[in-house]
Amino acid sequence: MFSSLRYLFPLMVLALIAVVSLGGGHETPVRLRAYVGARIIPVTAPEIVDGVLLVRGETIAAVGKRGEVVIPDDAEVIEVKGKVLFPGLVCTHSHIGKVQGGDGSSPIQPDVRVLDSIDVLDSTFKKARAGGITMANIMPGSGLLLSGQTAYLKLRDGNTIEDLAVRNKDGSMAGGIKMANGTNSIKESGGAPGTRGKSAALVRAQFLKAQRYREKLAKGGDDPPERDLAMEALVEVLEGKRMVHHHTHRHDDIVTVLRLKKEFGFKVVLHHVSEAWKVADEIAEAKVPCSIIYLDSPGGKLEARDLEWKNGAELEKRGVLTAFHTDDPINDSRWFLRSAGLAVRSGMSRQKALEAVTIAGAEIMDQSGQTGSLTVGKKADFVILNGDPLSVYTRVLETHVEGRKVFDLDDPKDKLWAEGGFGAGHKRRASGCCFTR
Amino acid sequence: MKISPLLTILLPLTVATASAQMAVQAELLYPMTGDLKPIEDGVVLCSKDGKIEKVGPAGAVPIPEGYQVLKAKVATPGFIDAHSTVGLSGILNLDRHDQEQLEKSAPIQPELRAIDAYNGRDPLVKWIRQLGITTIHTGHAPGALVAGQTMILKTNVPTITDPEKNTLRPFSMVASTLGPDGFGGGGKAPGSRAKSLAMLRETLLKAQSHLKKRKEVEVGIIGKVDPDLRLDALADVLEKKVPFLITARRHHDIAAALRLQKEFGFRLVLDGASEAYFLLDEIKEAEVPVLVHPTMARPYGENENMTFTLAAKLHAAGIPFAFQSGHEGYVPKTRVVHFEAALAVAYGLPWEQALAGCTSAAAELLGIADLVGSLRAGLDADLALFDGDPLETTTHCIGVVIDGTVVSEAVK
Chain A
1 MFSSLRYLFP
11 LMVLALIAVV
21 SLGGGHETPV
31 RLRAYVGARI
41 IPVTAPEIVD
51 GVLLVRGETI
61 AAVGKRGEVV
71 IPDDAEVIEV
81 KGKVLFPGLV
91 CTHSHIGKVQ
101 GGDGSSPIQP
111 DVRVLDSIDV
121 LDSTFKKARA
131 GGITMANIMP
141 GSGLLLSGQT
151 AYLKLRDGNT
161 IEDLAVRNKD
171 GSMAGGIKMA
181 NGTNSIKESG
191 GAPGTRGKSA
201 ALVRAQFLKA
211 QRYREKLAKG
221 GDDPPERDLA
231 MEALVEVLEG
241 KRMVHHHTHR
251 HDDIVTVLRL
261 KKEFGFKVVL
271 HHVSEAWKVA
281 DEIAEAKVPC
291 SIIYLDSPGG
301 KLEARDLEWK
311 NGAELEKRGV
321 LTAFHTDDPI
331 NDSRWFLRSA
341 GLAVRSGMSR
351 QKALEAVTIA
361 GAEIMDQSGQ
371 TGSLTVGKKA
381 DFVILNGDPL
391 SVYTRVLETH
401 VEGRKVFDLD
411 DPKDKLWAEG
421 GFGAGHKRRA
431 SGCCFTR
Chain B
1 MKISPLLTIL
11 LPLTVATASA
21 QMAVQAELLY
31 PMTGDLKPIE
41 DGVVLCSKDG
51 KIEKVGPAGA
61 VPIPEGYQVL
71 KAKVATPGFI
81 DAHSTVGLSG
91 ILNLDRHDQE
101 QLEKSAPIQP
111 ELRAIDAYNG
121 RDPLVKWIRQ
131 LGITTIHTGH
141 APGALVAGQT
151 MILKTNVPTI
161 TDPEKNTLRP
171 FSMVASTLGP
181 DGFGGGGKAP
191 GSRAKSLAML
201 RETLLKAQSH
211 LKKRKEVEVG
221 IIGKVDPDLR
231 LDALADVLEK
241 KVPFLITARR
251 HHDIAAALRL
261 QKEFGFRLVL
271 DGASEAYFLL
281 DEIKEAEVPV
291 LVHPTMARPY
301 GENENMTFTL
311 AAKLHAAGIP
321 FAFQSGHEGY
331 VPKTRVVHFE
341 AALAVAYGLP
351 WEQALAGCTS
361 AAAELLGIAD
371 LVGSLRAGLD
381 ADLALFDGDP
391 LETTTHCIGV
401 VIDGTVVSEA
411 VK
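Chains A and B are the protein sequences, given in the same order.
Residue 174 in my numbering sits at position 174 of the first sequence, and the numbers go up by one each step.
Residue 354 in my numbering sits at position 354 of the second sequence, and the numbers go up by one each step.
A portion of the hints provided could be inaccurate.
[Claimed, not checked] Per label pair, the in silico range of CB-to-CB distance:
#, chain 1, residue 1, chain 2, residue 2, range
1, A, Gly387, B, Val69, 51 to 61 Å
2, B, His97, A, Asp252, 52 to 62 Å
3, A, Arg318, B, His97, 49 to 59 Å
4, A, Ser106, B, Asp95, 22 to 32 Å
5, B, Gly388, A, Gly67, 45 to 55 Å
6, A, Leu121, B, Gly301, 31 to 41 Å
[Claimed, not checked] Some chain B residues flagged as far from chain A (calculated, every beta-carbon gap over 10 Å):
#, residue
7, Glu111
8, Ile160
9, Glu263
These are calculated hints, taken from the structure and not from any lab test.
Idealized CB from N, CA, C, for every residue including glycine.
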């Protein structure tokens, strides 16, 4: 009884908020659903064997043991015994939606926004939802030193990029900026750098320019600088409002990123970081987070030769905030949970591996107050699994974003996206008669 | 890295007593024979010449004095990757250095031998070996109308010095690709599906008359026939000495492969076969086995309609199949065959069948079941040892044995 009282207060508060927000009165009442009987892995709290997840509208209203959570009379009760409730997966590095960034015309293009290119109706979005992903950082490629602004998206079932966008406090669409060093961005033509030294010099020159632009902006007065889209984006980076997502593999390239961060003071997350295990101390000392990938073998290019599965464990040992990513299509979004399995296999703790596919990614994207764990008050972003998240045999049964079911394995159309088959490969949602067998 | 208790047994063992006779004892031993069920507390005795002497429950197969005993939770036959390019396609992915799996100066080159291209010291060979893979069917990759030959060998061969001794099959199959992936590119023939088949048929007809002459020499009708590397390799296909390995992903490419097989009567092995689910009856009737595409193959291009359930569907239809790592042009530079098999279980394939698909059934498909793929007396003593379910992601491979010798003690 006492323990159930604990949940009463937040429930009342939430009910109040719901009533206030409804206002007009002609809208349908907020849906209240109780998922009962599952093993619940909240990730930021201990596992619950026989739990209840109460969802009010788009928000988590309660999480707890059966019998301890008060299930209101008007709640729809959904029996999920034998299943596992887990936070929606967060992928910090994905290329779904036929995303495009900067072109081959110059090596540094901060003005380019990927949000102007993403096709949210592309089948890869459907497949990502089938894989349990509820939030992703959609990035341009690594062929340029700076290939554009990334887009943080909730995988809501919408028709436009605006429908899916994560919003900053000022209403603008949230995202970071994609940078790269090492061999991918070294080219032989088009003003691109031919060496690592030149790569760093080009980047430094741009940031110095942005510093001057920022000073001019700060001065204000009668003669403000003319609008410069590229400089505006870099000023956001300099002011820590826009996170740098930095592709980097080799130990020396990793350290170069840290050096530039020190010089210009931007916020950065290291991506891939194949040789993280060689410079894990330096990464920890710089207090930068990492977003790493698990591949079934090393190599494929010289600078990924020394990729090790132990990266996760080595970073964990040093307390580095570490998330995983799919780099979809490198790893298909539907195999994202395997990364956690491989991490545990190679010495990472179960807890940190589960965090790395959920809350750690949310933290890196500055959204951990909203998503990434099954916590009262956060958005109801969750998946229903038929087994342990670390098991290779486990399937995603349902994916929910902000209280709305966006994937259901029982729905034959969704099943196509989950398993593949004729029509699953079409670039867009198959429509009408002719794409089925 | 976690140090397994087994490591402490293995490390001194290999150094000090390499010639000692060995036994493997596992809480669950999967001989992969009969009903594919495991033996609880099973024992495998290995002979000095690297063969399996005896297999059975510990109660019935006592371990003789002086044997070194490797213990594990689970032991299986060493895994077989039924179709790979490892050893030809190296870890660095550098053209003219370690990418030997494809040569496209001509569309039809069955004379390219895998044995001339294999680098057993490439790190990827070691990578898959320490994960439990002991035998690979590797060679020329999909990507040309006829790309070349394949071979079968163990993962403990650093350099091929004697093809007969170093391989199980120095010439295993001839690899062909139908559909756009096998086109010449850059305006070179073939540039269409119909042209591909016309070129193949024309060449096979030539090979037929070459084979006829070869046979006439054998029975003394004519004195001699000039050797022809291309036609000799294809004549071997027509004579059913080696199968024709045809990579066909779309249903109409699969149908074309079956049509070609009917016309020329070779032994066909279908590779990839992403849309095989449309032609299960036809494939079954033609008695053609399938090397199913990796479960984690990327669903793009000719593969766009692939399904993770293909292995389950083939099994349900009674079509023999095996798993493969396939070929990857970028990362991961090689897939790991039992990781692919494991995911097929999540998509409807019975667990034992998944294990068979990279052990006994793979050996059957490749025609090497009298040597490897299961744990029976007389077969090669190739085993993989695990600290749990061998298909589960979190399980470690804690030892690998090839021909009765420990080749990996790494915990991977």
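The hints, checked one at a time:
1. A:Gly387 to B:Val69: 51 to 61 Å: violated, 34 Å
2. B:His97 to A:Asp252: 52 to 62 Å: Violated, at about 22 Å.
3. A:Arg318 to B:His97: 49 to 59 Å: violated, 35 Å
4. A:Ser106 to B:Asp95: 22 to 32 Å: holds, 28 Å
5. B:Gly388 to A:Gly67: 45 to 55 Å: violated, 34 Å
6. A:Leu121 to B:Gly301: 31 to 41 Å: About 20 Å separates the Cβ atoms of A:Leu121 and B:Gly301, which means 31 to 41 Å is violated.
7. Glu111: holds, 29 Å
8. Ile160: At about 22 Å from chain A, B:Ile160 clears the 10 Å cut-off, so the statement holds.
9. Glu263: holds, 28 Å
Taken one by one, the earlier hints fail for this structure at numbers 1, 2, 3, 5 and 6, listed in ascending order.
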